[in-house]
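Colleague: Sequence:
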Amino acid sequence: MALVTHEESLPFKENENFVPPAGDEQRAARVLRQFRMIFSAVRLHFQAIEKQTGIGGAQIWALSLIAERPGVSINALASAMDIHQSTTSNLVRALVQQGLVQADKAASDKRMVELYALPDGFKILRKVPQPFAGLLPQVLSELDAQTLEQLELHLGALIERLQVDGQSARTPLAMM
Numbered sequence: 000m001a002l003v004t005h006e007e008s009l010p011f012k013e014n015e016n017f018v019p020p021a022g023d024e025q026r027a028a029r030v031l032r033q034f035r036m037i038f039s040a041v042r043l044h045f046q047a048i049e050k051q052t053g054i055g056g057a058q059i060w061a062l063s064l065i066a067e068r069p070g071v072s073i074n075a076l077a078s079a080m081d082i083h084q085s086t087t088s089n090l091v092r093a094l095v096q097q098g099l100v101q102a103d104k105a106a107s108d109k110r111m112v113e114l115y116a117l118p119d120g121f122k123i124l125r126k127v128p129q130p131f132a133g134l135l136p137q138v139l140s141e142l143d144a145q146t147l148e149q150l151e152l153h154l155g156a157l158i159e160r161l162q163v164d165g166q167s168a169r170t171p172l173a174m175m
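Here the sequence shown stands for residues 0 to 175, numbered as in numbering that gives the first Met the number 0.
Since the hints were derived computationally from the structure, they do not count as laboratory data. Yeah, the Cβ is synthetic: ideal placement off N, Cα and C, and Gly gets one too. Keep in mind that the hints are not guaranteed to be accurate.
What the hints assert, rightly or not - Straight line, CA to CA, 30 Å or less: simulated DSSO-like cross-link-like pairs of lysine-lysine:
(1) Lys50 with Lys126
(2) Lys104 with Lys122
(3) Lys122 with Lys50
Said to hold, decoys possible - Now the in silico label distances, taken between C-beta atoms and shown as ranges:
(4) Gln166 with Phe34: 28 to 36 Å
(5) Gln162 with Asn89: 23 to 31 Å
(6) Lys50 with Glu148: 32 to 40 Å
(7) Thr170 with Lys126: 21 to 29 Å
Let the hints inform the model, and build the full structure from the sequences given.
Modeller: Right, here's the structure in full:
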C-alpha cells in the first residue's frame with residue numbers, strides 16, 4: 000500500500016487556481032474563519048497570562064475574585080465564575096498549594112471554607128494583563144442587550160445542530 004502525502008490528499012494543488020465556494024458555502028467558510036479568530040484571540044490572551052505569571056488563566060480568574068472578595072466561599076466562587084463546584088475546588092487547591100491563597104474554616108460554620116488571597120497572589124495579579132476573567136467574557140459583557148440576544152439565539156441553534164454535551168458549558172475556556 001502506498002502512502003498518501005498531505006499534498007496528495009488536498010482537493011487542489013497549490014499551483015492551481017483555487018476557486019472559493021459560492022453562496023452559503025462561502026458564508027459558512029467566513030463564519031468558520033470568524034470562530035478561528037475568536038479562538039485565537041482567547042488562546043493568545045491565556046498564553047500571555049501564563050507566560051507572565053506561570054499559572055493558567057482560570058487560576059488567575061479565581062485568584063482575582065478571591066482578592067476582590069476576601070472570605071469568599073468555594074460555592075460563591077463557583078457561582079461567580081459560572082463553573083462547577085468541583086472544578087472550583089480543583090482551582091483553589093492548586094492556588095493554595097502554590098501559596099497564593101489561604102483557605103480557613105469559617106468561624107460560624109466549620110464546614111465552610113473562607114478564601115483569602117496572600118501577598119504572593121496579589122503580586123501575581125499586579126503582573127497580569129487584564130481582563131482577569133479572560134478576553135471573551137469581558138468583550139461579551141460590553142455588548143449591547145440586542146446583540147447578546149441574537150448571539151445567544153444563533154449560537155443556541157449551532158449548539159443544537161452540533162449535539163454538544165452541556166457539561167462543557169461549565170468548564171472555563173482557559174481549561175479547554
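Colleague: Against this structure, judge whether each hint is valid.
Modeller: Against the structure, the hints come out as follows:
1. Distance restraint check for Lys50 and Lys126: the Cα-Cα separation of roughly 11 Å lies within the 30 Å cut-off, and the hinted pair is therefore satisfied.
2. As the CA atoms of Lys104 and Lys122 are separated by approximately 24 Å, the hinted pair is consistent with the 30 Å bound.
3. The straight-line distance between the Cα atoms of Lys122 and Lys50 is roughly 15 Å, inside the 30 Å bound, and the hint therefore holds.
4. Between Gln166 and Phe34 the C-beta distance comes to about 21 Å, which lies outside the given range of 28 to 36 Å.
5. Roughly 27 Å separates the CB atoms of Gln162 and Asn89, a value that falls within the hinted 23 to 31 Å.
6. For Lys50 and Glu148, the hinted distance range of 32 to 40 Å is satisfied, since their beta carbons lie about 36 Å from each other.
7. In this structure, Thr170 and Lys126 meet the distance hint of 21 to 29 Å, their C-beta atoms being roughly 25 Å apart.
Violated hints amount to a single one, hint 4; each of the other numbered hints is respected by the structure.
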